[in-house]
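Protein chains: 2
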Amino acid sequence: MEEHFTLIGKRVPRIDTLSKVTGEAKYSADLKLPRMLVGKIRRSPLAHARILNIDTSRAERLKGVKAVVTGQDTAGVKWGVFRYTQDMELLPRDKVRYFGEEIAAVAAVDEDTAMEALDLIDVDLEELPAVYDPLEAMASEGPLIHEGFPNNINIHVEIMVGDLEKGFKESYLVREDTFTASEDCYFQGEPYAVVARFDDAGNLEIWMPNAGPHMKAKPLSNLLQMPLHKVRVRKITIGGAFGGRSEISPADYICALLARKSRRPVKVAYTREENTVNVRMGHALITTIRTGVDREGRVKARDITCYMDGGAYSSTGPIATSVPFLCMEQAYRMDNVRYNGFRIFTNKPIRGMIRMHGRSFACGIDLQLDMLGKELGIDPATMRLRNARQKGDYTPTGSYVQSCGLTECITRAAEKANWKEKYGKLPPWRGIGIGINSVQTGFPLGIRGGSQAFVKFNEDGGVTLISGVADNGQGNDNMLVQVVAEELGLDMGDVTLITADTEVTPNDPGTYSMVTTFAGGNAARLAAVDARNKIFEIAAEEMEANPADLVLKDKKVFVRGSPERFVPLKKIIRTGLMKGRPVSGEGHYSPKVDQRREWVKNPSGQLSETFSFGATIAEVEVDPETGKVKALEVTAAQDVGFALNPLVLEGQFEGSVAMGGHGGMLTEYHSWDGGRCLNPTQLEYKVPLAADMPPINSIIVESGDPSGPYGAKEAGMSIAMSAAQAYASAIADAIGATITDFPMTPDKILTAIENRKKGKHSDVT
Amino acid sequence: MEEHFTLIGKRVPRIDTLSKVTGEAKYSADLKLPRMLVGKIRRSPLAHARILNIDTSRAERLKGVKAVVTGQDTAGVKWGVFRYTQDMELLPRDKVRYFGEEIAAVAAVDEDTAMEALDLIDVDLEELPAVYDPLEAMASEGPLIHEGFPNNINIHVEIMVGDLEKGFKESYLVREDTFTASEDCYFQGEPYAVVARFDDAGNLEIWMPNAGPHMKAKPLSNLLQMPLHKVRVRKITIGGAFGGRSEISPADYICALLARKSRRPVKVAYTREENTVNVRMGHALITTIRTGVDREGRVKARDITCYMDGGAYSSTGPIATSVPFLCMEQAYRMDNVRYNGFRIFTNKPIRGMIRMHGRSFACGIDLQLDMLGKELGIDPATMRLRNARQKGDYTPTGSYVQSCGLTECITRAAEKANWKEKYGKLPPWRGIGIGINSVQTGFPLGIRGGSQAFVKFNEDGGVTLISGVADNGQGNDNMLVQVVAEELGLDMGDVTLITADTEVTPNDPGTYSMVTTFAGGNAARLAAVDARNKIFEIAAEEMEANPADLVLKDKKVFVRGSPERFVPLKKIIRTGLMKGRPVSGEGHYSPKVDQRREWVKNPSGQLSETFSFGATIAEVEVDPETGKVKALEVTAAQDVGFALNPLVLEGQFEGSVAMGGHGGMLTEYHSWDGGRCLNPTQLEYKVPLAADMPPINSIIVESGDPSGPYGAKEAGMSIAMSAAQAYASAIADAIGATITDFPMTPDKILTAIENRKKGKHSDVT
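One line per chain: the protein sequences are A and B, in this order.
Under the working numbering, the residues of the first sequence are numbered 1313 to 2077, in order.
Under the working numbering, the residues of the second sequence are numbered 1313 to 2077, in order.
Just chain A, with the same shape it has in the complex (with noise of 0.2 Å):
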């Protein structure tokens, strides 16, 4: 690591705040385009039907209305992540299969037009046989979703690595637990809307919250038969992703198709409930971990099967299936295991990317570690030690360890938190509880894997960067400009961005994945060096010094060690330019994975570069009258390998607690009525409040790994993961009851405390 940073590991306010507040930034609802129309969307009232007839025509005639689209206006192409997952049409032309699926979408002059042509368009489907549970899905002769799926089986990953007998016959103690949770979503502070406008060229220009540009251009250039070249992506303010915005939205291509048709600009803006509804959920799982354990509590062998709720279609949903084991693997010392993950087709909404994927199966295998270190006389943190994952290892699945500062999150938050003065020392109805976990910098990706990033010098010594990242909200425009103002010795005001255009910008792999920092961040590092390269060419020139001797630095170029001998930035750019040598600079990055096609279904190898590791501690108090937990404190600890910018890093540890702890494990989740969601709104999703929270200690672990900008990799992802893990283990702790069902709301802590006083010390589930 280099020293004597003047931006880098700085507490740097974020240049994007301003306009936040003050209600400048434009989000996809606020375009305005001239003579643009309003689109709505016709869906399925049913959760399974076939599409026998959609009549339009009254629709049509009634003034105002520019546009009507079904399936019948498609070439009918699907989508799907992969080659042998493309079995959606974002339009569908024969079938619906949930409630609220697409069927016909309009254009029109306003609103009010627009909702009174849906109710004109006339819809006759019959109803199918539906079913709405994964293993009623799987095991029935019942309801097949899609041709060539047998048993609605989406896709089963398998993973057996080591002697699983052997690791159980040498265990001293064996568990065997199931867990469940309900499906969740990413209630992102802005709801879906795109616009969309196509030129007499017959170019489409589209604007919608995404997580990269380049992953909306392409499936939109397949749906729409138009070469990749004339869909533009373009830059827009997005409140907030969390995996919900990491792939194509029926929104997106509607929108287009309605746009196309009626020669006009359009938007679609969702409502809260379609963003819910038909912007992707979290997969609801069932996860069944048998594990065994030796007398200090050290992992022998793990078997660990998984079926999960996958909606309606695969959408990205087959990544879901693999990652919740993998981050699990990463955290946990493993040797011998086995997975089996099923995702499996029902008649609910789709389930796709989120920003915890499996949750509830890594909060199974902290809290079955805690059951089993009980039996065993060890406390919870002490059992994450013993197991805790280590630089220069291995996974079970292949990839290579380069950083790891798991056990330095353990212990650092065990102190912070007190926990050995607090563990088992509490009052009645109070817990701690911890839990720890492992995120990717990035997965193979395939031609979307690296991310490239241009500067150029502008006359008056200020620079462009011009680069395919997307800021989610997450702090990323911010990053960019402080690595490229320090690599520069500029002020932050000094750098323009340019991102997320894909017709300016290049290559990105999108954000996702937590790979952004070290794949965009490496980008835009490597495009200020090889500027600033060419400025010390020209420099060295002007001062005749060696171009080795210089530095760059308050917006001068130094001779190393005289701080007297220096010529201002300005002055060598503007010298280049006279002299017929514009100072610009390229950088591209790309993970260092094992680019297998078949990663999925079959993981093995270097799967990401490199890993990032948390541990989070959470101190609660539960209600013994009105199962309501309130939690006290939470000590959360990262290894970020370097801290870019500890202001921007510990809001993202505040927003992980909320999301993934608080949120998570104490709130969110959907309710049913067969295929239909009944709590799609903010009334009855309960998301916390700035005002629910605890105080929450950020501790900054770096490790400085070897590949990553500065040695910084992901910041945050950990902590969502392993707070939820704390929260549940805290609960177990102050109820002395483990509850297998998530999230932990008061009616089951209320039955677990029931449960526990009629002396059952069986699970809640």
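Hints were generated in silico from the structure; no laboratory data involved.
Watch out, some of these pointers could steer you wrong.
Claimed, not checked - Below, in silico cross-link-like pairs of lysine-lysine (PhoX-like), each with a Cα-Cα straight-line distance of 25 Å or less:
#, chain 1, residue 1, chain 2, residue 2
1, B, Lys-1547, A, Lys-1344
2, A, Lys-1904, B, Lys-1891
3, B, Lys-1530, A, Lys-1868
4, A, Lys-1891, B, Lys-1530
5, B, Lys-1530, A, Lys-1882
6, B, Lys-1846, A, Lys-1846
7, B, Lys-1867, A, Lys-1530
8, A, Lys-1390, B, Lys-1891
9, B, Lys-1846, A, Lys-1883
10, B, Lys-1407, A, Lys-1846
11, A, Lys-1344, B, Lys-1344
12, A, Lys-1867, B, Lys-1530
With the hints as your guide, set chain B onto chain A.
Then chain B, alone, in the frame of chain A:
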């Protein structure tokens, strides 16, 4: 030159035609932003006056008025293209110097309100004595327009090469004539319009017709006292420039001031009158030429004095003071020469860069050569051939001429126009004449002398070109796409173009001084070549071949000579992305000139890397009853170096004949009442229509310039210049008398005929 081009050299239809025909192309005046206000400008009713007081209070109180600005809202920064000519406040505080100068401006919710508010501004002016004639302004003890410029002389350029006295002494024949011409204007299809908006962070986005966004951004940042990177000049369709979009306009500055003060977007759209009077003009000239020739008509000595009416401010006019001479010294050999150019301030609208600098100067040179030839019995074509510039020459001011097809232009034009059969043998009232000229490909322009371009490949094998080049309507966008597609073996449709946006695109000198194909085209070509080299590196590994053996054509990489051994380009791009090697390229080109600050005042050294040359022959018929001239046929030959696209070139040639020859010598001029322009609109200012034009023979001469892209240099301008000379020469031939005041309007022609009938052989002035 490479062989076997696919696109280069072909008659490729322009990519921007469709959008212009359908109206899809959006010009600045078409732009609409939410909450946008209408800006209007209050102008001076006097040609010279002191501003005593401006009371805006009544205007500000009018409902719907959101901002009023006067000179008091400015920092008083003065604009001028050189430091020593910074004499103009774009919204003056103390004094107005021409009729129509900006005094105040309002932004209001609609045009009616804005116009009403203009009337409510109380302006108290003290009228000052004004002067409208440059010779009066120079000689008199009368009004001084600017402090620090005695005798109102803005700039005096003196060039002296060789031995003038000896030259005249050795001459067989000497003539001295004086030629005069009125001002003319650009008459772009698109009246000037600007839209400006500030965001909350104080960043300015601004759209306007411009010949180079980087040239606009810098003075705007100076005037507004903002960092350059906070000023973003954005791409917009431009409806013609002709020199009149080359510099900062008061409208740019005022629109930005109004937007900043009102905190809303503002549009200022000029009326046609404003576009004529307030967007510069071409200078009025009085040129005295004394030329001595030997018996064969070869010029032995030439002494030129030129007085240019500069109007009220320097603007870019100082550049125009030397350019008329430079064009002539490039076109004609002249060893012993003196040039005295004076630009003089008057109280008239400002004169700046124009497409045909010193047209009347050039016409004078050619008409005088005709008269000298007549006395010697040598026909005009031969006179020109004997004095024509040749490859390998140095110009009097010291520029090396690295390519020159002027002789070929003259001979091929003469052959095509049947010069020998026609000259001296035409029926009465018919005449044939010839003109020759030469233009530069860029001047020493310091930091804005070079062009840079980036290309980036997209995953579908298409490419995006990012270039600072602006397209004012002449087809630069098409040129760039053609070059990049050629180098990368793509179809034109595979190239996406990002241009002319100061935030996104790198430096470019601007689309003027005929440099764009030369510098911008070269930069784009080099960027494509850089990318192609990376493609060959990747392909060589895939194909187990040597990169040097590879060729890229038809979207495939071939092994040279083995048409069966190829890999699709798209596959190489995708392989590169998979391997973490995204394909991009950078290129830059800066014309090789002697960078001297004082070149305008004292030109010497290499002033342009290369030059283009043209010869035009016009055949006309004069109606002796009405004095009207009918052009019968025009033959235009130009050495363009290499014809990148003959179709576009022919369009340039034809437009050049219309503007330079037909409009310039027959109908276009301004008339005045003191300082007030009497013919600022379409009704009174006569621009030629398509129906007025004769058949035009375009002859492309290719000298293969060693530095131009594929050998190309400028195209069209040498025709625009020489066409006026040819028309003048032909009219003189038709009526048997030389008119020395331009343009040659029917009244002057009738007078000349009348004089000739009276036996007067003196010229009409």
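Hint-by-hint comparison with the structure:
no.: 1; hint: B:Lys-1547 <-> A:Lys-1344; in the structure: holds, 20 Å
no.: 2; hint: A:Lys-1904 <-> B:Lys-1891; in the structure: holds, 9 Å
no.: 3; hint: B:Lys-1530 <-> A:Lys-1868; in the structure: holds, 22 Å
no.: 4; hint: A:Lys-1891 <-> B:Lys-1530; in the structure: holds, 19 Å
no.: 5; hint: B:Lys-1530 <-> A:Lys-1882; in the structure: holds, 14 Å
no.: 6; hint: B:Lys-1846 <-> A:Lys-1846; in the structure: holds, 20 Å
no.: 7; hint: B:Lys-1867 <-> A:Lys-1530; in the structure: holds, 20 Å
no.: 8; hint: A:Lys-1390 <-> B:Lys-1891; in the structure: violated, 28 Å
no.: 9; hint: B:Lys-1846 <-> A:Lys-1883; in the structure: violated, 32 Å
no.: 10; hint: B:Lys-1407 <-> A:Lys-1846; in the structure: violated, 48 Å
no.: 11; hint: A:Lys-1344 <-> B:Lys-1344; in the structure: holds, 10 Å
no.: 12; hint: A:Lys-1867 <-> B:Lys-1530; in the structure: holds, 20 Å
In summary, the numbered hints that this structure violates are 8, 9, 10.
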